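If you count the sequence shown from 1, position 237 lands on 237 in my numbering, and the numbers rise without skipping.
These aren't lab readings, by the way, just hints derived from the structure by calculation. Check the hints yourself; a few may be wrong.
[To be verified] Calculated cross-link-like contacts (lysine to any residue; reagent style SDA-like; alpha-carbon spacing at most 25 Å):
| id | residue 1 | residue 2 |
| --- | --- | --- |
| 1 | Lys203 | Leu104 |
| 2 | Lys87 | Phe13 |
| 3 | Lys150 | Lys203 |
| 4 | Lys150 | Leu104 |
[What the hints assert, rightly or not] FRET-style restraints, in silico, Cβ to Cβ:
| id | residue 1 | residue 2 | range |
| --- | --- | --- | --- |
| 5 | Ala55 | Leu174 | 44 to 54 Å |
| 6 | Met138 | Glu84 | 19 to 29 Å |
| 7 | Ile39 | Pro83 | 33 to 43 Å |
| 8 | Phe72 | Ile38 | 19 to 29 Å |
| 9 | Tyr149 | Thr41 | 21 to 31 Å |
| 10 | Ile45 | Leu129 | 46 to 56 Å |
| 11 | Tyr149 | Ser186 | 37 to 47 Å |
| 12 | Ser141 | Leu236 | 28 to 38 Å |
| 13 | Ser141 | Val247 | 27 to 37 Å |
| 14 | Gly24 | Val231 | 43 to 53 Å |
| 15 | Thr234 | Phe72 | 17 to 27 Å |
| 16 | Met138 | Glu67 | 37 to 47 Å |
Being a predicted model, the structure only gives us computed values, none of them experimental. Note that CB positions come from ideal geometry on N, CA and C, so glycine has one too.
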Amino acid sequence: MYRFRAAGPMEQFEILPIVDLHLGSINISLTNSALWMIIGTGAIIVFFFAATRRAALIPGRLQSAAEIFYEFVSDLVRDTIGPEGRKFFPYVFTLFIWILVSNLFGLFPTIPIPGLPHWLHTFTPTSHLIVTLALATMTISIVIVYGFYKNGLGFFKLFAPSGLPLWLMPLLVLIEVISFLSRPLSLAIRLFANMFAGHVILKLFAGFVVSLLSAGGAVMLFGIAPFFGAVAVTALEFLVAALQAYVFAVLTCIYLNDAVHAADH
């Protein structure tokens, strides 16, 4: 008879190959992380295709949900960047939805079936720093490229606001440059740390429940508290998943606003 075993809290973050692929000496294998990024992207495409396939004046449930997401991000971009921010709406919208879906997918439990392929186990891509760092680097790259395109050398005014005493300028420029260079790290680490820590805590509570229930007898009663703790943490994780997607989108808009209005500083 198969007995359920509580997996360690770090096993859920292990990157495992599904299809081994190599390009010379470079490993480009399809992994469980890449698979769940593809699944998440596919789910987004299917959802919005289904929601907009038969758009009506009186929207149905799917269309209403899609319009809520659209209006939410549209208002965020307009209020943060202004009318010029409309050109960035597709990027911010895609970023927000993709992070939200990636965060949420990892919260769905994997049914502990014996022999279940590892690539079917749910995975949270945003719990890996390399993924969040890639997203943050892409955002900052757009800020820098568009900042110079829009403002030319005036983009450097972002680091030296007008009206400051000359003797204070070197110190302020140094602080602003360090602050700007730390933006991709703060973006990446904030999202990664929240998803990583939340999943570890959730796994620990779930491990306590499984271990205590497997012990049998009166010891099973001690599993009640960890069970309700796991339920509470799960609810909190759903909130954190949405909140972190929102925070990433807000900060992206703030940084893009600096690029758009750098010459006004």
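Evaluation of the provided hints:
{"no.": "1", "hint": "Lys203 with Leu104", "in the structure": "15 Å, holds"}
{"no.": "2", "hint": "Lys87 with Phe13", "in the structure": "36 Å, violated"}
{"no.": "3", "hint": "Lys150 with Lys203", "in the structure": "47 Å, violated"}
{"no.": "4", "hint": "Lys150 with Leu104", "in the structure": "36 Å, violated"}
{"no.": "5", "hint": "Ala55 with Leu174: 44 to 54 Å", "in the structure": "52 Å, holds"}
{"no.": "6", "hint": "Met138 with Glu84: 19 to 29 Å", "in the structure": "20 Å, holds"}
{"no.": "7", "hint": "Ile39 with Pro83: 33 to 43 Å", "in the structure": "36 Å, holds"}
{"no.": "8", "hint": "Phe72 with Ile38: 19 to 29 Å", "in the structure": "25 Å, holds"}
{"no.": "9", "hint": "Tyr149 with Thr41: 21 to 31 Å", "in the structure": "28 Å, holds"}
{"no.": "10", "hint": "Ile45 with Leu129: 46 to 56 Å", "in the structure": "26 Å, violated"}
{"no.": "11", "hint": "Tyr149 with Ser186: 37 to 47 Å", "in the structure": "24 Å, violated"}
{"no.": "12", "hint": "Ser141 with Leu236: 28 to 38 Å", "in the structure": "33 Å, holds"}
{"no.": "13", "hint": "Ser141 with Val247: 27 to 37 Å", "in the structure": "20 Å, violated"}
{"no.": "14", "hint": "Gly24 with Val231: 43 to 53 Å", "in the structure": "49 Å, holds"}
{"no.": "15", "hint": "Thr234 with Phe72: 17 to 27 Å", "in the structure": "24 Å, holds"}
{"no.": "16", "hint": "Met138 with Glu67: 37 to 47 Å", "in the structure": "27 Å, violated"}
Violated hints, listed in ascending order, are 2, 3, 4, 10, 11, 13, 16; each of the other numbered hints is respected by the structure.
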